[in-house]
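Q: Protein chains in written order, with the working numbering: chain H, 1123 to 1549; chain U, 1123 to 1549; chain Z, 1123 to 1549.
It is worth saying that the hints were derived from the structure and are not from the lab. Each hint should be verified, as a subset may be incorrect.
For identical chains, the list gives no copy identity; a pair is met inside one copy or between any two copies.
Here are the simulated DSBU-like pairs of lysine-lysine, each with C-alpha atoms no more than 30 Å apart in a straight line [unchecked claim]:
no., residue 1, residue 2
1, K1525, K1240
2, K1301, K1190
3, K1301, K1354
4, K1236, K1525
5, K1240, K1155
6, K1525, K1137
7, K1301, K1525
8, K1525, K1216
9, K1388, K1319
Below are the chains, spelled out letter by letter.
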Amino acid sequence: MSEQLVQRLCDELTKLVLVDPHTHINPHSPASKTLADIMGYHYYTELAHSAGMPKSQIEERGLDPKTKVGRLVESLVHLDNTVQVSWLVELCRKFFGFNDERITTSNWETLYDKAAAKMAEPDWEDQCLQQSGIERVFLTNDFDDPLSGFNSQRYIPCLRTDDLVFHFTNPTVHTRLAKATGIEPTTVEQIRIAIGKLFEHFSRNGAKACAISLPPSFAPRPPATAAELNQKFAAAFMQADADPDVRRLGQEFVFWTIAEFCADYKLPFDLMIGVNRRVYPEGVYQGQDLFDQRVSLIQYKDLFNAFPQVTFPISVLAQISNQELVSYSWIFPNVVTNAHWWYSNIPAYIELDTKARLQAVPRNKQIGYYSDMYKLEFAWPKFSMYRQCLARVLATDFVIARKWSENDVLDLGRQVLRGNVESIFRV
Amino acid sequence: MSEQLVQRLCDELTKLVLVDPHTHINPHSPASKTLADIMGYHYYTELAHSAGMPKSQIEERGLDPKTKVGRLVESLVHLDNTVQVSWLVELCRKFFGFNDERITTSNWETLYDKAAAKMAEPDWEDQCLQQSGIERVFLTNDFDDPLSGFNSQRYIPCLRTDDLVFHFTNPTVHTRLAKATGIEPTTVEQIRIAIGKLFEHFSRNGAKACAISLPPSFAPRPPATAAELNQKFAAAFMQADADPDVRRLGQEFVFWTIAEFCADYKLPFDLMIGVNRRVYPEGVYQGQDLFDQRVSLIQYKDLFNAFPQVTFPISVLAQISNQELVSYSWIFPNVVTNAHWWYSNIPAYIELDTKARLQAVPRNKQIGYYSDMYKLEFAWPKFSMYRQCLARVLATDFVIARKWSENDVLDLGRQVLRGNVESIFRV
Amino acid sequence: MSEQLVQRLCDELTKLVLVDPHTHINPHSPASKTLADIMGYHYYTELAHSAGMPKSQIEERGLDPKTKVGRLVESLVHLDNTVQVSWLVELCRKFFGFNDERITTSNWETLYDKAAAKMAEPDWEDQCLQQSGIERVFLTNDFDDPLSGFNSQRYIPCLRTDDLVFHFTNPTVHTRLAKATGIEPTTVEQIRIAIGKLFEHFSRNGAKACAISLPPSFAPRPPATAAELNQKFAAAFMQADADPDVRRLGQEFVFWTIAEFCADYKLPFDLMIGVNRRVYPEGVYQGQDLFDQRVSLIQYKDLFNAFPQVTFPISVLAQISNQELVSYSWIFPNVVTNAHWWYSNIPAYIELDTKARLQAVPRNKQIGYYSDMYKLEFAWPKFSMYRQCLARVLATDFVIARKWSENDVLDLGRQVLRGNVESIFRV
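Input sequences plus hints: build the corresponding full structure.
A: Have a look at this one:
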């Protein structure tokens, strides 16, 4: 009966059309063309590699899409337990008429061809969104993205700022910034003006958020004075091999300046906290990053206090950070919980995290989920996974333990799934 | 059937009258007078503020109780999901004849008036305790509390020592200590003697515990020699802005001295580990503290080894500390687990923590729960929440998984709820 | 019905005969002779001590086995809730015809005598293994173990290297190494050659793994040059009280050299990460170690990258490390998850950890369980505990949530229980 309750809640929640508040969709090519686009998602390439397939086979130069899929399918026998592979099977069932339990070396070619035919339909993008119950999709845009040539009602720009904060000393970043803004960033004040121009451009083009991913060691502080920064300008902003303490001054200045413009432009600042890049440099593309769980939100204390007018939707990579996230969201008005990110995006952790959040964070401060997808086909299975977890927590902790009516828990579920996305990002 | 089992166990456990081993009750005014006393609990003010209400509205000077409640009720629409608001609703149902699902802008005034009438009854304190199944209540007393003018059979003194250890350099602490003991703390030896006088006073007045809350950075060590401490006396004990390393010598000396007197007076020393104070200084009263989960019980290794004759009931703020607490309690005879504190006091964490403790810590070393309440009305909903969690763990992990009889699990439940409070605190 | 499903899966998994991939069995005396061998396991002595029994009573010199058991039985009244005591009761039921719910001061003598009679049967070792469903057992051998005089088909050697890495400066280690290899370790090159001889000896005698336990502070780095190491030879390799930074150079060199030989000899290198030794030096034998959970697998980044050809089965002591273990195993081809170790080896944590691993780590990279036992009688109750947890996760997360067939989940269970032990350790 409890399983029936979960299913009933899940079915109702599935009727709600959603706004996906964080993805890596390319709005010029949002949907897949073949299964290679789908199975080229780093989850499959990195898991295939982890399970024993050499990187050289997966990333062989000039590999045609079908051969690549054929190779990756060989790995699925080691991966079918993973929830990531369940996403793959679920989307093939949903969109491509796949009816088997597993994708195998015997059935993949038929699937490949059926999928290719379906994705070749001219309105595949619309079909996919419609079947997935998604109507608007946040993007992740480079700071120098022209933001033109796509439907910005459907695809909502978001200013991604990792390059500015952490790779400012990279000459190509200078060049890109100068080109995008017409300003050579040769003084602290020019950097500030250039960043302001980016915000103006993004805001004018409908951006609804600014975002950044952050390493566990980062602890933003109010920046040094302009005088000090200008005096140390080269080491702070120009030299990748400068004294790390001085280089950090540059990062802190850029980060703080971005937060100031978030205040000016009334943009929420998505913080995705805790990733170490290139921990396994010989890994496949996008399959090299990991984390150090020894991180605390206390590192962001100065930031949260300095910008009460900026909303910070926070994602944490380490599951153990969830209690801090719950507690900081419970105390700081400007901190809100944001979905279940990457290595924490599996049902075992989603369910634990959702329970704690629903028990202790104000209901208007919880963004339930984003897909983080690169291709539209993934919204369906990822949101489905989340809805299952959410429905389970609503059933056990609210309907059963606290005797809430099903209508009341569905209202809570809908707020977390969609309502808060609208109110927090003003979309 | 399993839900019925949980309910059956819970109902039986509810019959047991309890001793609440840690509260902030003022024995001169233990019960509430209006709903404003109840909704003024920091959980409601901080959550209302977190959900969007300005501090100025909540803490407006001269606000009358009824207006304050009216304002806070407006926030409940954002907070009804939280377990803290479920405590509020539960106690209103239990004590004030409230029958609705939620407290709203439409029904709160009636509730306010009914509650005020009930609480105006001359024996409300007795009624509340009796209905709550509580017969004795530990206090949290300032070190200079005269401990007179209340029923010390019902209200058991506990010497709280945060001020002595962490605010000794504050001149008012010096003054209070001198006034309470008749000793000017101008040498290390005088400090020791003064602290001894406090213990004598508390012990003579029926104190059954000493307690302190500790920041995550604290790591007590055997103190420096008296000679060194006297030489650095000003920086160690008098100056709030002294070199932190020397100031820490003072904190370590006071802390260690307190532990020594706990040994002499056979008092358990409650350690509440992991809170950072004033992380959000613009927060409402008592809604400013948070934590850094990067803390380990290894920091207390010297203490546990140096005082085998002192029992340390330990509460941890970060849920991730629970496994260390379980493991240290499993190995050290003088370490016992103490309830579920503050940010860990929600069902999601209570249930996980209870499971691990019941599976691996000797049953005579577990203090199940304390209410931490400021007003008597909260014992009922908080202990109810805990009993539900405990009953669930007893049902699944003992009756179902290990085939224990219901009588045997109830004995275990009663020991954790009350028996160990009596044996550990000798009450 | 769900409980029936769990039981059905568990019963099927129990039919599978296993290889136990990590134990402390003495192959010259693998089984117990009396209950004192069984109750002398550190879990019982340390828990009895923790619950209040003085170490002097437990470890009294010259205590005869029966008196010792009688004393320990007195503590069981405080310990019957623990899963460790449930192992004891379960093995007494399984092997010694014990039928009561608990071992008490009234029934233990009969049990003691029946157990002694059973264990005196000449084929007890064979009976015990056969009834336990275990056919091969990994050992933990000192580096200077002659590895002779036992059935190495049944008992598989494993080179334990803690002494070499962490106690090299101890003169007895020098002497033992010289004696075992015929080489005086007086230069860096001689140390390397001596370690190589150990690998040759172990490999020739059927060793299938190398293993080490590691403190939370350890972070292996590529070693210093031979020139630097030889220059600092005394402080790095000979003096226990040398500058810790130089001594660490010695530890890093020995550790890295062992990893190199693991590559040469194609041996997996079991890393057991996170134990602090002698945290409670007054504790009973083997009941003195604890941990500091502030540790990260990022500390092993250099190692994992430097030795792609070595498989690292990793056990973590702190439960909070499990997500890092899951994530590093998901990304690094040479990292695999290895069982549930010591303070994490209780159902509450096994179940959480198993859920995350089965949801996100390739199925061919998970070693489900090892017993870590010192006496053969413990394989049965420990593996039974694990099988219950595994069956529960397979039932809820795969049969119910993901609609897998029971046959398919049993295949997954069998791979994790046995198949991967065979493929990873090549046995």
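Q: Output the indices of the hints that this structure fails to meet, ascending.
A: 2 and 7
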